[in-house]
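Student: Sequence:
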Amino acid sequence: MIGPRLTRGVAVLAAVLGLVGCALDETSGQRALESHSRIQRPQTSGPFAAILLVPGCRGVTPARLQTATELVSRGYLVAFVDYVAAHGRAGPCASEVSAGDIARDIRALSAHVRSLADVRASAIGVIGWSLGGAGVLASLVGVEFDRQPPFDAAVVFYPVCRGLLPWKTSVPTLLLLAGQDQMAPPADCEDVVLRSAGRVRIQTYVDARHGFDTPDDLQPEAAREAWSETLLHLQARLP
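In the numbering used here, the protein residues as written are 1 to 239.
Hints may be right or wrong, so weigh each one.
Stated by the list, open to error - Label-pair restraints from in silico Cβ distances:
hint : residue 1 : residue 2 : range
1    : Asp207    : Gln43     : 16 to 26 Å
2    : Arg224    : Ile202    : 14 to 24 Å
3    : Ser35     : Gly100    : 39 to 49 Å
4    : Gln182    : Ile202    : 14 to 24 Å
5    : Ala187    : Gly100    : 15 to 25 Å
6    : Gly88     : Glu190    : 31 to 41 Å
7    : Gly100    : Gln148    : 13 to 23 Å
8    : Thr69     : Pro220    : 13 to 23 Å
9    : Thr44     : Arg195    : 36 to 46 Å
Hints were generated in silico from the structure; no laboratory data involved. Note that the coordinates shown come from a computational prediction; the quantities given were computed from them, not determined experimentally. Built from N, CA and C at the ideal position, the CB exists for glycine as well.
Work out the full structure, taking the sequences as your base and the hints as a guide.
Tutor: Below is the structure:
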């Protein structure tokens, strides 16, 4: 017969091993994020303002690589939050990856980038697209006005806002929405913004569709205007 003291000991050991396992999972996840971050630096000397790029569910596409190249040419250090490759998700568009999962990855990589010697720790921006944009907004949940947010300025293109919780934060956030978006209806974002508190601005391109800045469904006028708004937003808030 197993005594109560031995039973308690086994339970404690199991709990400790569980905590160790969680810590190992977090460490391996952090390493995977860092190894897939594709950090790119300007050729000038730092320290630099940094931009995290959070792609949609297709992962890092040629279009997003082009975005990174342009930002680097403008003097930003750039890193990808590649939640697709980091966690071996072959087809996250059809999987159960959530905005909360992506938010955790954003916070983790943001902390890593903020710690780099050639990065200005008070000048971290983020741009997210579609599901990645939902992750950006989800990462604001629980960050109150008096706490350190994971970034200092945010831009999200046509984010999937359905099911997002409202947030309360001082992070200046720009939402670039597509008026004809059937995948991520702008009304969902307008609703969660109304229930949130913070510095949020919405710009809706009335005739645009989801993915208006991608080669698959490029809508040049909306894409140009949205990118101009993005650059102005970041330049004004990342000294």
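Student: Taking each numbered hint in turn, which are not upheld by the structure, reported in ascending numerical order?
Tutor: 1 and 3
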